[in-house]
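Asker: Starting from the known structure of chain A, fit chains B and C onto it as the hints suggest.
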Amino acid sequence: MTISKEHLLKVYEDMVLIRRFEEEVEKYSKNGTIPGFIHLGVGQEATQAGIIDVLLKTDYKFPDHRSHGAIILSSAPEDRKRIMAELFGKKTGINGGRGGSMHVNDLKVRNMGFNAIEGSIVVTGLGTAFASVYNHTQDVTAVFMGDGTLGEGTCHESINMAATWKLPLIYCVVNNQYAISTRFTESHPQPQLAMWADGYCVPNEVVDGNDIEAVIPAVERAVARARAGQGPTLIEFMTYRWQGHFSGDPAAYRPEGELERWKEKDPIKLTKARLLSEHGVKERDVQSIHARVESEISGYIQFALESPNPDPEDAVKHVYTDIEVEAR
Amino acid sequence: MSRIITFSKALNEALQQEMEQDEKVFIIGEDVAKMGGDFGITSGIWKRWPTRAYDTALSESAIVGLSCGAAICGLRPVAEMMFADFIGVCYDQVVNNAAKLCYMYNGQASAQLVVRAVTGGGIRCAYQHSQCIEPWLMNVPGLVVVAPATPYEAKGLLVSAIRSNNPVVFLEHKGLYNTKGDVPEELYSLPLYKANVERAGRDITLVAGMTMLNFAKRAAEEMAKDGLSCEIVNPRTLLPMDGETIINSVAKTGRLVVIQEGPKFMGYGAEVGSMVYENVFEYLKAPIRRVTSLDTPVPFSPVLEDYVMPQYSDVLKACHEVMAF
Amino acid sequence: MTHSVVMPRFGATMEEGTINSWSVKEGQTVSKGDVLGEIAIEKLTNELLAEEDGTVLKLLAEEGATIACGEPILIFGAAGETLEAIAPAPRLAERTPLTKSGEMDLSSKRPSGTTQTTRAEYRESPQITPKGLQLAEELGVDYHFVKGTGRFGMITREDVLAAKNAGLLPKAGAEIARSVASGETQKMNMMQLSVANAMDTSLKSTAQTTISMDLDATDMVKAYQSHKEEFGQKGIRLTYTAILVKAVAAALVEHKLLRTVIEGTNFVTRAEINIGIAIDIADGLIVPNIKNANQKNLLQIASELEALLDRAKNKSISQEEMTGGTFTISNLGMFGIKYFTPILKPGESGILGVGTIQDVVQVQNGGIFVKPVLNLSLTHDHRVVNGAPSARFLQTIQHILNECESLFVNQE
Numbered sequence: 001m002t003i004s005k006e007h008l009l010k011v012y013e014d015m016v017l018i019r020r021f022e023e024e025v026e027k028y029s030k031n032g033t034i035p036g037f038i039h040l041g042v043g044q045e046a047t048q049a050g051i052i053d054v055l056l057k058t059d060y061k062f063p064d065h066r067s068h069g070a071i072i073l074s075s076a077p078e079d080r081k082r083i084m085a086e087l088f089g090k091k092t093g094i095n096g097g098r099g100g101s102m103h104v105n106d107l108k109v110r111n112m113g114f115n116a117i118e119g120s121i122v123v124t125g126l127g128t129a130f131a132s133v134y135n136h137t138q139d140v141t142a143v144f145m146g147d148g149t150l151g152e153g154t155c156h157e158s159i160n161m162a163a164t165w166k167l168p169l170i171y172c173v174v175n176n177q178y179a180i181s182t183r184f185t186e187s188h189p190q191p192q193l194a195m196w197a198d199g200y201c202v203p204n205e206v207v208d209g210n211d212i213e214a215v216i217p218a219v220e221r222a223v224a225r226a227r228a229g230q231g232p233t234l235i236e237f238m239t240y241r242w243q244g245h246f247s248g249d250p251a252a253y254r255p256e257g258e259l260e261r262w263k264e265k266d267p268i269k270l271t272k273a274r275l276l277s278e279h280g281v282k283e284r285d286v287q288s289i290h291a292r293v294e295s296e297i298s299g300y301i302q303f304a305l306e307s308p309n310p311d312p313e314d315a316v317k318h319v320y321t322d323i324e325v326e327a328r
Numbered sequence: 001m002s003r004i005i006t007f008s009k010a011l012n013e014a015l016q017q018e019m020e021q022d023e024k025v026f027i028i029g030e031d032v033a034k035m036g037g038d039f040g041i042t043s044g045i046w047k048r049w050p051t052r053a054y055d056t057a058l059s060e061s062a063i064v065g066l067s068c069g070a071a072i073c074g075l076r077p078v079a080e081m082m083f084a085d086f087i088g089v090c091y092d093q094v095v096n097n098a099a100k101l102c103y104m105y106n107g108q109a110s111a112q113l114v115v116r117a118v119t120g121g122g123i124r125c126a127y128q129h130s131q132c133i134e135p136w137l138m139n140v141p142g143l144v145v146v147a148p149a150t151p152y153e154a155k156g157l158l159v160s161a162i163r164s165n166n167p168v169v170f171l172e173h174k175g176l177y178n179t180k181g182d183v184p185e186e187l188y189s190l191p192l193y194k195a196n197v198e199r200a201g202r203d204i205t206l207v208a209g210m211t212m213l214n215f216a217k218r219a220a221e222e223m224a225k226d227g228l229s230c231e232i233v234n235p236r237t238l239l240p241m242d243g244e245t246i247i248n249s250v251a252k253t254g255r256l257v258v259i260q261e262g263p264k265f266m267g268y269g270a271e272v273g274s275m276v277y278e279n280v281f282e283y284l285k286a287p288i289r290r291v292t293s294l295d296t297p298v299p300f301s302p303v304l305e306d307y308v309m310p311q312y313s314d315v316l317k318a319c320h321e322v323m324a325f
Numbered sequence: 001m002t003h004s005v006v007m008p009r010f011g012a013t014m015e016e017g018t019i020n021s022w023s024v025k026e027g028q029t030v031s032k033g034d035v036l037g038e039i040a041i042e043k044l045t046n047e048l049l050a051e052e053d054g055t056v057l058k059l060l061a062e063e064g065a066t067i068a069c070g071e072p073i074l075i076f077g078a079a080g081e082t083l084e085a086i087a088p089a090p091r092l093a094e095r096t097p098l099t100k101s102g103e104m105d106l107s108s109k110r111p112s113g114t115t116q117t118t119r120a121e122y123r124e125s126p127q128i129t130p131k132g133l134q135l136a137e138e139l140g141v142d143y144h145f146v147k148g149t150g151r152f153g154m155i156t157r158e159d160v161l162a163a164k165n166a167g168l169l170p171k172a173g174a175e176i177a178r179s180v181a182s183g184e185t186q187k188m189n190m191m192q193l194s195v196a197n198a199m200d201t202s203l204k205s206t207a208q209t210t211i212s213m214d215l216d217a218t219d220m221v222k223a224y225q226s227h228k229e230e231f232g233q234k235g236i237r238l239t240y241t242a243i244l245v246k247a248v249a250a251a252l253v254e255h256k257l258l259r260t261v262i263e264g265t266n267f268v269t270r271a272e273i274n275i276g277i278a279i280d281i282a283d284g285l286i287v288p289n290i291k292n293a294n295q296k297n298l299l300q301i302a303s304e305l306e307a308l309l310d311r312a313k314n315k316s317i318s319q320e321e322m323t324g325g326t327f328t329i330s331n332l333g334m335f336g337i338k339y340f341t342p343i344l345k346p347g348e349s350g351i352l353g354v355g356t357i358q359d360v361v362q363v364q365n366g367g368i369f370v371k372p373v374l375n376l377s378l379t380h381d382h383r384v385v386n387g388a389p390s391a392r393f394l395q396t397i398q399h400i401l402n403e404c405e406s407l408f409v410n411q412e
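So the protein sequences, as listed, match chains A, B and C.
Taking the numbering used here, the leading residue of the first sequence gets 1, the next gets one more, and so forth.
Taking the numbering used here, the leading residue of the second sequence gets 1, the next gets one more, and so forth.
Taking the numbering used here, the leading residue of the third sequence gets 1, the next gets one more, and so forth.
Chain A with its partners taken away, still in its complex shape (with noise of 0.2 Å):
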């Protein structure tokens, strides 16, 4: 199935968004100003627009800690500067600054958030799936996996717990060949990771993550089956991340030429070349698109450079719903 020249260059402004976005996060957390840890999900764009793309703002999403991409995309627009500075620790940030990269949620959009004890999330995802049928809407959920997080128990009591009880949830393996520097073939007996769910008897099918025409039907079918009411559905995405686990790590831990291989297979460059060959849209537009996404990305830097600090007394906050935890 096509998908149609407008819809495709939604969806390839939304990646070249989560690009630009990504290798400014890269810049800012190398030259010290973004504090701790960040996870660049460059090279999976097509991955995490094609997943934001299909679901709706009442769907709950549960993004992990290399969704900054989902994350921008399931935010309103006037919200993203909020999310970089999120990351940079700031008042103005999402959440006040007290989550950073790994924690952002937005409830007003259903982005739940990230626990960032692996496979936490998987089982959170039950309760919001099963609170759909408890409360009789259409509302599905998303969780985002990875390739190492389908090692945690919590993972298996969940896909257990959903197929059992058929609850609207959709499990969405990232698999990215690593989990740090372990290759999933090392720590999984399945060829395919998708073939995990056969076990549970839950419907699932490998992707091209780097195909975004290949991503946006097969959640499409996913979604479908949840809101009738069929049950989960695993989706295992094929993609890669360009860099290491985490900004900084060298990723020694890659054979020689294997990075190269899957730049080769660049989803933006891949859906540009589609948009130019098969749509007939000019070089120009597609410069326009990169020009409205650069200035777009500025405003948030510059949004989140400007941001005072949050108060210090505001960790204090929000421990309790009706107590007060003293400050100093």
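Derived from the structure by calculation, the hints contain no laboratory data.
The structure displayed is predicted, hence computed values, not measured ones.
Ideal placement from N, C-alpha and C gives every residue a C-beta, glycine not left out.
Please note that the accuracy of each hint is not assured.
What the hints assert, rightly or not - Not close to chain B: a few residues of chain A, all C-beta gaps over 10 Å, as computed:
| id | residue |
| --- | --- |
| 1 | 90 |
| 2 | 124 |
| 3 | 141 |
| 4 | 157 |
| 5 | 198 |
| 6 | 205 |
| 7 | 217 |
| 8 | 228 |
| 9 | 249 |
| 10 | 276 |
| 11 | 280 |
| 12 | 284 |
| 13 | 286 |
| 14 | 322 |
Unchecked claim - Not the full set, but computed from the structure, chain B residues with beta-carbon under 7 Å of chain A:
| id | residue |
| --- | --- |
| 15 | 16 |
| 16 | 17 |
| 17 | 59 |
| 18 | 70 |
| 19 | 73 |
| 20 | 103 |
| 21 | 189 |
| 22 | 190 |
What the hints assert, rightly or not - Straight line, CA to CA, 25 Å or less: simulated DMTMM-like cross-link-like pairs of lysine to aspartate or glutamate:
| id | chain 1 | residue 1 | chain 2 | residue 2 |
| --- | --- | --- | --- | --- |
| 23 | C | 291 | C | 254 |
| 24 | C | 147 | B | 321 |
| 25 | C | 187 | B | 226 |
| 26 | C | 131 | B | 321 |
| 27 | A | 166 | B | 31 |
Answerer: Only chains B and C this time, still in chain A's reference frame:
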């Protein structure tokens, strides 16, 4: 109107009466629905509300994780841990997930779940079915830990726990399930975060909860025969603890004996002692004393288990020691 | 052999049982396996069996009573035993002393003069914290006038410190007039009781009377001045009291009557010359003695005296040191007292009261001289020794002290 019922029945009533009031409340756990729970606490609920009672596989992490997700969506899950020891299996979900959700969401959503956990020893069920686990949880900001001592408290505190918007671990000491007490028929709640002064006194403050409350009451009666009066403070909520009531009591009496089941080292008695030393050291007439279990796992043979559990004779001994100082 | 039989736990969840009926009577002999009674638990009935041969001594619960598991329901004894009054568990007071009041507590941690809390006493609102009280004692201030800002309005250490720094607190003595209005009851300790009794006994059982003399202390003062430093270099403090002890001990060798007492219808002269020293301590008076003072040199006496004074302060005088005294010296000279009538220590016939040394103007051989004079008051038991021999004893002391230097020999 009140009548005498068991601790178990009081809990069941709290659940059923609260479920009548609020359709967002549901129960989930192993054998909680059709069987009514391993200890019968949830009996009758599945029959009344088949879509609000869920039996799960043996998946403690999924039980609590699901409860977290459902809670953020506005539901009020009451999950059961068949034995509090099993919280070890899903400890991550309790301390890393549930406890931190409200903070992570900047107060925009809350983890309004209850995890009922069956706690405590004395029933000859050995290592992994007998522990008092509150110390595992009390060091985690964001959690609420509640521990009733009587049927009256069981009902009132469980209702408050369900209504609370914070994640509550509700500790039910299995040794109390068959104890009886006066419990009003109607729906009522008891405040969280508030200790109860069970008995007023002048000479010694005894801090004791759950099954240890009985030790304290017995000791107070015996000390009274010699003209000494003990004040008994039952914390009821272990986290956040009502330190002020305890501190004031010790300021008045000048002497403190904490009676807690579970190992002494880093048991909650240590925190009570520290609070007292930090705040009212100059009011003290004697060092504090703690009466606790031994620092061992809980063994099976009655002779062994009874040896490990707190000794009533140690309570009297501690009282005499603080009086004689 | 006697032991209780408790309500058994017939099932894991059983909390209590009802005694449907007893099958035995008090005093009845039974064999192992006999039915003692019927216990009902909800709808089930169980038999309570005797676990050994013996006698049912006492039934502790009536038929129909419901008793919790583990509570005693029957007292069982050996065959043929009867029930003597079973001694109740010893009352708390006999097992453990709860407070230290009522004992002569030489190592009491409580500051002196404090009312001890006994079991019966009840303090409605404690006014001062233990540490606050300790500080008040240390600083020597009367806390009754300090405003308490602690919990329940109690006076805290900080309150005591603040009041002291503000200069608001009166020294304890100056406010006696005001504090008297409140009055105070204090239970006597053992030492105080014993001293009171001794005084009473002494006055009632002897015919004591006092004579006094102004002793010329010229030579004594000279000797003291010249030997003071030498003693000091040996780490010993030389005092007039030490010199007097040696002098009195020497005089007692000759004047037996002052070391004679009446026992029954006999005069008993004591061989040992053990000189008692009356020492004023925090809440009373003790009189330890220096044994065989006549056989010791002045170095030894001075050193022993110093040690006794120290130990008296720490309340660590031994029983041995407190008994066997022959004659006592009581020195009130440091208070400016001249003459007084010291009371005999029971079991002694003489006590020498020592007053101040002061310079007085004396006429001698028509000339005017300034001499140091020591006031002495000797109380003697007139039943044993009359005025004249007592006066002669004092004269001997004067003679000895006129050659005070001689007391300083044999010090190696």
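Asker: So, for every hint listed, does it hold in this structure?
Answerer: Verification of the hints:
Residue 90 of chain A, annotated as away from the interface, keeps every beta carbon of chain B farther than 10 Å; the closest lies near 14 Å. For residue 124 of chain A, the condition that its CB be more than 10 Å from all CB atoms of chain B is violated, with the nearest at approximately 4 Å. Remark: the non-interface label on residue 141 of chain A conflicts with the geometry, its nearest Cβ contact in chain B lying 8 Å away (cut-off 10 Å). Non-interface status of residue 157 of chain A relative to chain B is broken: a Cβ of that chain comes within 10 Å, the nearest being about 4 Å off.
Under the 10 Å C-beta cut-off, the non-interface status given to residue 198 of chain A relative to chain B holds; the minimum distance is some 18 Å. With 10 Å as the threshold on Cβ separation, the claim that residue 205 of chain A sits away from chain B holds: the shortest Cβ distance comes to roughly 24 Å. Every CB of chain B lies more than 10 Å from the CB of residue 217 of chain A, the least distance being 27 Å, so the non-interface label holds. Annotated as non-interface, residue 228 of chain A keeps its C-beta farther than 10 Å from every C-beta of chain B; the closest such distance is 19 Å.
Here residue 249 of chain A stays apart from chain B, with its beta-carbon at least about 24 Å from theirs, past the 10 Å limit. Its beta-carbon lying about 43 Å from the closest one in chain B, residue 276 of chain A satisfies the requirement of being farther than 10 Å from that chain. Here residue 280 of chain A stays apart from chain B, with its beta-carbon at least about 45 Å from theirs, past the 10 Å limit. With a closest Cβ-Cβ approach of about 44 Å to chain B, residue 284 of chain A is found to remain outside the 10 Å limit, as its non-interface label requires.
Every Cβ of chain B is farther than 10 Å from the Cβ of residue 286 of chain A; the closest lies at roughly 39 Å, confirming the non-interface assignment. Look at residue 322 of chain A: its CB is around 7 Å from the nearest CB on chain B, not clear of 10 Å, so calling it non-interface is violated. This hint is violated: residue 16 of chain B has a C-beta 19 Å from the nearest C-beta of chain A, more than the 7 Å allowed. Against a cut-off of 7 Å between C-beta atoms, the interface hint on residue 17 of chain B is violated, since the closest Cβ of chain A lies about 20 Å away.
Interface restraint check for residue 59 of chain B: the shortest CB-CB distance to chain A comes to about 4 Å, inside 7 Å, so the restraint holds. Evaluation of the residue 70 of chain B hint against chain A yields a held restraint, the C-beta minimum of about 4 Å falling below 7 Å. Nearest Cβ of chain A to the Cβ of residue 73 of chain B: about 4 Å, under the 7 Å cut. The hint holds. Annotation: interface hint on residue 103 of chain B holds; nearest CB of chain A at approximately 5 Å, less than 7 Å.
Because the smallest distance between the Cβ of residue 189 of chain B and any Cβ of chain A comes to about 14 Å, over 7 Å, the interface hint for this residue is violated. Proximity of residue 190 of chain B to chain A is violated relative to the hint, the smallest CB-CB distance being about 15 Å (cut-off 7 Å). About 17 Å separates the Cα atoms of residue 291 of chain C and residue 254 of chain C, which keeps this hinted pair within 25 Å; it holds. Proposed proximity of residue 147 of chain C and residue 321 of chain B is contradicted: the alpha carbons are some 32 Å apart, above 25 Å.
A C-alpha spacing of about 21 Å is found between residue 187 of chain C and residue 226 of chain B, which places the hinted pair at or below 25 Å, so the restraint holds. A C-alpha spacing of about 19 Å is found between residue 131 of chain C and residue 321 of chain B, which places the hinted pair at or below 25 Å, so the restraint holds. With a C-alpha separation of about 20 Å, the suggested pair residue 166 of chain A and residue 31 of chain B falls inside the 25 Å cut-off, and the hint holds.
In the structure shown, a violation is registered for the earlier hints numbered 2, 3, 4, 14, 15, 16, 21, 22 and 24, in ascending order.
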